[in-house]
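Asker: Sequence:
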Amino acid sequence: MFEKSLQDIVKGIRANKRDPSAYISQVIQEIKKELRDSDPFIKALAIRKLTYLQMMGYDMSWAAFQVVEVMSQQRFAHKRIGYLAACQSF
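According to my numbering, the stretch in the sequence shown is residues 5 to 94, in order.
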């Protein structure tokens with residue numbers, strides 16, 4: 005189901021040093037697809053990727069509800085990703 009892992013995104017950004025905006029807009033579209041999935045593992049990893057992009061200066065305020073959903077998951081690993089994203093973006 006995953007289009008790209010976080011490591012693939014970092015490698016892609018490094019490969020597109022001159023103009024990474026087109027690559028990043030493609031990645032954000034893929035992340036939006038992943039956030040529509042009901043699987044909590046996929047949502048948590050998509051939020052993790054968004055948090056990385058937010059640290060690079062891209063807006064992720066549109067995913068605030070999905071961050072709260074990940075924060076309310078049962079697994080601690082998912083909660084940690086959600087709380088990190090909330091601290092970075094809210």
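Hints are not guaranteed to be accurate.
[Said to hold, decoys possible] Ranges between beta-carbon positions, derived for each pair:
#1 L10 with A90: 24 to 32 angstroms
#2 F80 with S9: 15 to 23 angstroms
#3 E34 with Y87: 35 to 43 angstroms
#4 N20 with Q78: 33 to 41 angstroms
#5 R22 with Y87: 34 to 42 angstroms
#6 F69 with Q33: 17 to 25 angstroms
#7 A19 with A90: 25 to 33 angstroms
#8 D23 with S76: 33 to 41 angstroms
#9 N20 with Q77: 31 to 39 angstroms
#10 K36 with L88: 24 to 32 angstroms
#11 R22 with D63: 28 to 36 angstroms
[Unchecked claim] Derived lysine to aspartate or glutamate pairs resembling DMTMM-like cross-links, with alpha carbons at most 20 angstroms apart:
#12 K83 with E73
#13 K36 with D63
#14 K15 with E34
#15 K83 with D23
#16 K21 with E73
#17 K15 with D43
Don't read these hints as lab results, they were simulated from the structure. Quick reminder that beta carbons are idealized off the backbone N, C-alpha and C, glycines included.
Asker: Run every hint past the structure and note whether it holds.
Answerer: Taking the hints in turn, this is what the structure says about them:
Taking 24 to 32 angstroms as the suggested C-beta distance range, the pair L10 and A90 does not conform, at roughly 18 angstroms. With their beta carbons about 21 angstroms apart, F80 and S9 fall inside the hinted range of 15 to 23 angstroms. Our hint of 35 to 43 angstroms for E34 and Y87 is violated, since their Cβ atoms are close to 24 angstroms apart. At about 37 angstroms, the CB distance of N20 to Q78 agrees with the hint of 33 to 41 angstroms.
One distance hint, 34 to 42 angstroms for the beta-carbon pair R22 and Y87, holds here, with the actual separation near 35 angstroms. Look at F69 against Q33: about 18 angstroms separates their beta carbons, and that is inside 17 to 25 angstroms. Taken as a hint, the range 25 to 33 angstroms holds for the pair A19 and A90, whose Cβ atoms sit roughly 30 angstroms apart. For D23 and S76, the hinted distance range of 33 to 41 angstroms is satisfied, since their beta carbons lie about 38 angstroms from each other.
Hint check: N20 to Q77, Cβ distance near 33 angstroms, so the stated range 31 to 39 angstroms holds. At roughly 20 angstroms, the beta carbons of K36 and L88 sit outside the given window of 24 to 32 angstroms. R22 and D63 have their C-beta atoms about 22 angstroms apart, which leaves the hinted 28 to 36 angstroms range violated. Among the hinted pairs, K83 with E73 is consistent with the structure: their alpha-carbon atoms are about 9 angstroms apart, no more than 20 angstroms.
The suggested pairing of K36 with D63 holds, with an alpha-carbon distance near 13 angstroms, which does not exceed 20 angstroms. For the proposed pair K15 and E34, the alpha carbon gap of about 16 angstroms is at most 20 angstroms, so the pair holds. Of the pairs offered as hints, the one joining K83 and D23 is violated, with about 34 angstroms between alpha carbons and a cut-off of 20 angstroms exceeded. Taken as a hint, the K21 and E73 pair is broken in the structure, with Cα atoms around 33 angstroms apart against an allowance of 20 angstroms.
Straight-line distance between C-alpha atoms of K15 and D43 comes to about 26 angstroms, which puts the hinted pair past the 20 angstroms bound.
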